[in-house]
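Student: Please model the complete structure; the sequences and the hints are all you need to start from.
Number of protein chains: 2
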Amino acid sequence: MKRKITLKQIARELDVSISTVSKALRNSAEISDDTKQKIQAFAKLYNYRPNNIALSLKNRRTNTIGIIIPEIVHHFFSEVIRGAELVANKRGYNVIIGLSNESFSKEVINMEMLANGSIDGFILSMSKETLQQQDYHHFNETMSQGMPVVMFDRVVSEIKCDKVIVDDFNGAKNAVEKLIENKCKSIALISTPDYVSVGKLRTQGYLEALNENNILAESKLILKIDDTVDYEVHLDALEAEIEQLFKANKKIDGVFAVNELYALTAMKVARKLGLNVPNDVQVIGFTDGVLSKHATPSLTTVSQHAQQMGEKAAQLLIDKLESEVNPADEEFHTVVIATDLVERESTK
Amino acid sequence: MKRKITLKQIARELDVSISTVSKALRNSAEISDDTKQKIQAFAKLYNYRPNNIALSLKNRRTNTIGIIIPEIVHHFFSEVIRGAELVANKRGYNVIIGLSNESFSKEVINMEMLANGSIDGFILSMSKETLQQQDYHHFNETMSQGMPVVMFDRVVSEIKCDKVIVDDFNGAKNAVEKLIENKCKSIALISTPDYVSVGKLRTQGYLEALNENNILAESKLILKIDDTVDYEVHLDALEAEIEQLFKANKKIDGVFAVNELYALTAMKVARKLGLNVPNDVQVIGFTDGVLSKHATPSLTTVSQHAQQMGEKAAQLLIDKLESEVNPADEEFHTVVIATDLVERESTK
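Chains as they are written, first to last, in this note's numbering: chain A, 1 to 348; chain H, 1 to 348.
Take these hints with a grain of salt, some might be off.
Repeated chains share a single entry, so a pair holds when one copy, or any two copies, can fit it.
Here are the simulated lysine to any residue pairs, SDA-like style, with alpha carbons at most 20 Å apart [claimed, not checked]: (1) Lys90 / Gln9; (2) Lys251 / Ala240; (3) Lys250 / Lys268; (4) Lys272 / Ser298.
Since the hints were made in silico from the structure, they are not lab data. Nothing here was measured: the structure is a model prediction, and the numbers come from that model.
Tutor: Written out as structure tokens, the structure reads:
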């Protein structure tokens, strides 16, 4: 059996990036003519079949939606998929899922694979690497070939498509306001680097809540965790970083964490240092996870309504697939899902 | 755009089951000639394109593996996928995922969709409904058309294919032996109905451990939870059932639960009834979940090594895809993954 050569193999053989191969095969002006010729010739020689979305769309509808998520071992993304599936099934569509594993190349490869006649449109959340590299050509070119994309959670303004986002800014602001209301004087933030858009917005919400309440933000109270490390695996390293934060700032009496793992680890560290949650330190996390509910004490959270996000994303995509609007007159919508503060035992 | 008609639509229009449509289109002897003619004529009229695996296999390899799992909001299945992905990527394959949502029809539809030229082979775990209905035609026919299938976790002996299973029987037996060693005299079992093969094997392991230690098994100590209810949503109902078990059997001093949720709920109920875990009641769950680690007290578990299962399944499948063996000489393997008892705070 003759194997079809893949983007990845071409990139490896010619020692260029997957992005370069992908762009060269689409004849992008960003790539030099020399490189384009080399890549195109190689692809032809090895019988690479470029993705021909326009053709497959003309010929048939698959009634299938492709969802690409950054990781599967993550309750938030599972819940989004559950929501998208619910709406898709109701409207007569199937769902298939691809994983980017937070890698730009895998995201490109997965889109290439699924767009190749298997699906009618995408629902996706970008990988961290894509956000870092700011290389969005694969999204834009998929759409320009007539295949609609709906993005959720991690989005960027540079891409023109339908989007479903959580109100990260106000969710974070409300959480921090709750801590202030509850008499916290020294509120720490445990966040991610700013290139993760949701981390950035939640950090802004934290700062705004402090600002409106005339509390000076202190950089030493803000811990930005390098999230390229898999902390599910290296829990000790995460714990050490948070312990450092507590030890350097003995007055901390409130913590707002941008995800569940950071929040639970903060509670664990507090306990280890002899601090009672919520009496000495109150903790709020931003999450829909299952751990929060089952933790002792259970964790107060900003709920993201992940399932609702998935439902909304599927609605937007299917509406677009079934609309008769001329693509030139197309409008894009950004749906903002409001958060709720779910009060549990980790706050007073 | 003309839509391709789906199996589901044909079934609905002709008021027959999806299984009947699927069998009729494959000309199965199980279906009457009348019905076959009707279905085949309808499918032809509406331009249904039957899945032609043999043809697509002859023409090309996709370097893609399809994984079908019963549900996505489930740490065990996520971990299996993580493992399968790891091996697949290393060997140059992509992975796409479909969900059956524990429904027989969705399983058939998903296999149909993915087998239609998108993938080279399947890794899958059967839906509960398929296990209940014992209708396996879609697996057997997919394989007879030359597309290999590797099953994991939920398997049945009637299907001849490679399988990866957990040693459910010995895992359960070891757990219950541990409770007996720890001086538990009245050990309850919280399990699922017997048609779920893993529930059955774990129940047998429980009974064998009691038997070998000359402890009489008592049916009133065995609670079989109706798992067609979504207990993540209806936690109260699950709690009520387990509370009932404790109240009817005041001497319970050990609990073995076949999954994480049942085990954690048992700990919660014990606490509510004023019992201390592990001093009054010791609890062990069968799971790889994340909740166990983070629970208070943390839960002693029988670890299933889900990631390893996924790795092994991908290895078996890719070995088969790349082997040159004549299908007539094909051998099938069942790999049994041993469990480990991970001792935490819920046992002495």
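Student: Which constraints among the numbered hints does this structure fail? Numbers only, ascending.
Tutor: No numbers; nothing is violated.
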